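2 protein chains.
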Amino acid sequence: MRDTFHDELDQIGTALIEMTQLVGTAMSKATTALLTADLAAAEEVVSGDDKVNVLYAETEERAFDLLARQQPVAGDLRVIVTGLRMVASLERMGDLAAHIAKIARLRYPQVAVPEEVRDVIRQMSVIAQNVVTKAGAVLAGHDIELAAELERDDDAMDELHKRLFTVLLGDWTHGIEAAIDVTLLGRFYERYADHAVSVSRRVVQLVTGELPPS
Amino acid sequence: MRDTFHDELDQIGTALIEMTQLVGTAMSKATTALLTADLAAAEEVVSGDDKVNVLYAETEERAFDLLARQQPVAGDLRVIVTGLRMVASLERMGDLAAHIAKIARLRYPQVAVPEEVRDVIRQMSVIAQNVVTKAGAVLAGHDIELAAELERDDDAMDELHKRLFTVLLGDWTHGIEAAIDVTLLGRFYERYADHAVSVSRRVVQLVTGELPPS
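Taken in order, these protein sequences are the chains called A and B.
So for the first sequence, the working numbering puts the first residue at 803; every next one is plus one.
So for the second sequence, the working numbering puts the first residue at 803; every next one is plus one.
Derived from the structure by calculation, the hints contain no laboratory data.
Since this is a predicted model, take the numbers as computed values, not measurements.
Worth double-checking, as some hints may not be accurate.
For chains that are exact copies, the list does not tell them apart, and a pair is met inside one copy or across any two.
What the hints assert, rightly or not - Below 20 Å or equal to it, Euclidean Cα-Cα: the simulated SDA-like pairs (lysine to any residue) are: (1) LYS904 <-> ARG965; (2) LYS904 <-> ARG989; (3) LYS964 <-> GLU953; (4) LYS904 <-> GLU961; (5) LYS964 <-> ARG909; (6) LYS853 <-> LEU1013; (7) LYS904 <-> LYS964; (8) LYS904 <-> THR968; (9) LYS964 <-> LEU908; (10) LYS904 <-> LEU971; (11) LYS904 <-> ASP960; (12) LYS904 <-> ALA842.
Here chain A stands alone, though its shape is the one from the complex:
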């Protein structure tokens, strides 16, 4: 039978995995909102971010409480403190999905992104989905090989981010406002993936004792 301490530690892990699901869904819905000017979807993402924030606050409190009550030793201690870092990354990923939804909402009933960048944005969104799903799986299974895949996904995200700039700096006929939106959107998708990779890297660090080289 497991002890109470490890049960509570598991609850933190479960909350982290749940957060990957929430921010993954938020990102998927934010992209739908963005590419189809779906106002209802945008509103859902913006208001749904509260749920992520509540889970963040609860998990943080639970971790502090566990640290204070149980005085865990080295290994467990590191797990809890690392969990506190991860939960902050996941909260930020929720914010970034909400930022995307807010741009969709701001431009409604127009679609914020011109036709010629939609495909790149769609691909960035697919990678964002992949990385957050994999980060959840890494969290659940401590799968180091999957963590390496995530690093490659992140490289692919960087390539798409560059392609977005190539389109912007090509024959852009959509004006400054759309260029600003696309610039910020590119940044939001890229940062989202960075945070997912950071979550995965911290799991690797817990398992191997070393942060993988970036």
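Got chain A sorted already, so can you dock chain B onto it with the hints?
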């Protein structure tokens, strides 16, 4: 006489304050690089970020070590874990200053920002300096009133950020590339201030037990 534990805790506090100074200098130099196309200054900021990263890694290690060896109780525990959050914010602020320097470097020998936004950027930089200096003072003195000032500075930063968009969406004749640069720069200054405010808010939380309302 103070005990070893509190001496070591003080060392973490000192490192955090030193980091505010480093990232403050980096931001000041990055802005000079940006507004005067000063390549040497830009290079210094980019390479100097290593020092911030080293201090980050050392402080993180020290905090983990202290947690593991000393098994601190509630109050001290919260100080250390909060220190770990702050050090992450400060590291990120160093990155943001380096991002600004990289844009300066990329556009050298041109000045990346057109004349008409330089004043807004200069003002954003002044606020960035103010908030990081005040965050250092809040860290050093646990000065709650100064922390309230920081929140107002952050509002002023948000106003400047909006003004930047107003200029971009006005009679912009500098093309898409400069618009992208200015959009990203605005975001970097704003995020830098957000992180400084977050550091200060976490000090308030330690002192009062409550995170101030955002």
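Verification of the hints:
Proximity of LYS904 to ARG965 under the C-alpha cut-off of 20 Å is restricted to the inter-copy arrangement: shortest distance 19 Å between copies versus 23 Å within a copy. Taking the closest pair of Cα atoms, LYS904 and ARG989 come within 20 Å of each other both inside a single copy (14 Å) and across two copies (16 Å). In the homo-oligomer, the alpha carbons of LYS964 and GLU953 lie at most 20 Å apart inside one protomer (17 Å), although the nearest pairing across protomers, at 35 Å, exceeds that limit. With identical chains, the CA atoms of LYS904 and GLU961 are at most 20 Å apart between copies only, with a shortest distance of 18 Å across copies and 25 Å within one.
Within a single copy, LYS964 and ARG909 get their C-alpha atoms only as close as 24 Å, which misses the 20 Å cut-off; across copies the closest is 17 Å, which meets it. For a Cα distance limit of 20 Å, the shortest separation of LYS853 from LEU1013 across copies, 18 Å, qualifies, whereas the shortest one inside one copy, 30 Å, does not. Proximity of LYS904 and LYS964 under a CA criterion of 20 Å is satisfied inter-copy only: 15 Å between copies versus 23 Å inside one chain copy. Taking CA atoms no more than 20 Å apart as the test, LYS904 paired with THR968 passes between copies only; the shortest distance there is 18 Å, against 24 Å inside one copy.
For a Cα distance limit of 20 Å, the shortest separation of LYS964 from LEU908 across copies, 15 Å, qualifies, whereas the shortest one inside one copy, 25 Å, does not. When the C-alpha separation of LYS904 and LEU971 is checked against a cutoff of 20 Å, the pair qualifies only between copies, where the shortest distance is 18 Å, while the shortest distance within a copy is 25 Å. When the C-alpha separation of LYS904 and ASP960 is checked against a cutoff of 20 Å, the pair qualifies only between copies, where the shortest distance is 17 Å, while the shortest distance within a copy is 23 Å. With identical chains, the CA atoms of LYS904 and ALA842 are at most 20 Å apart within one copy only, with a shortest distance of 11 Å there and 39 Å across copies.
When held up to the earlier numbered hints, the structure conflicts with none and fits them all.
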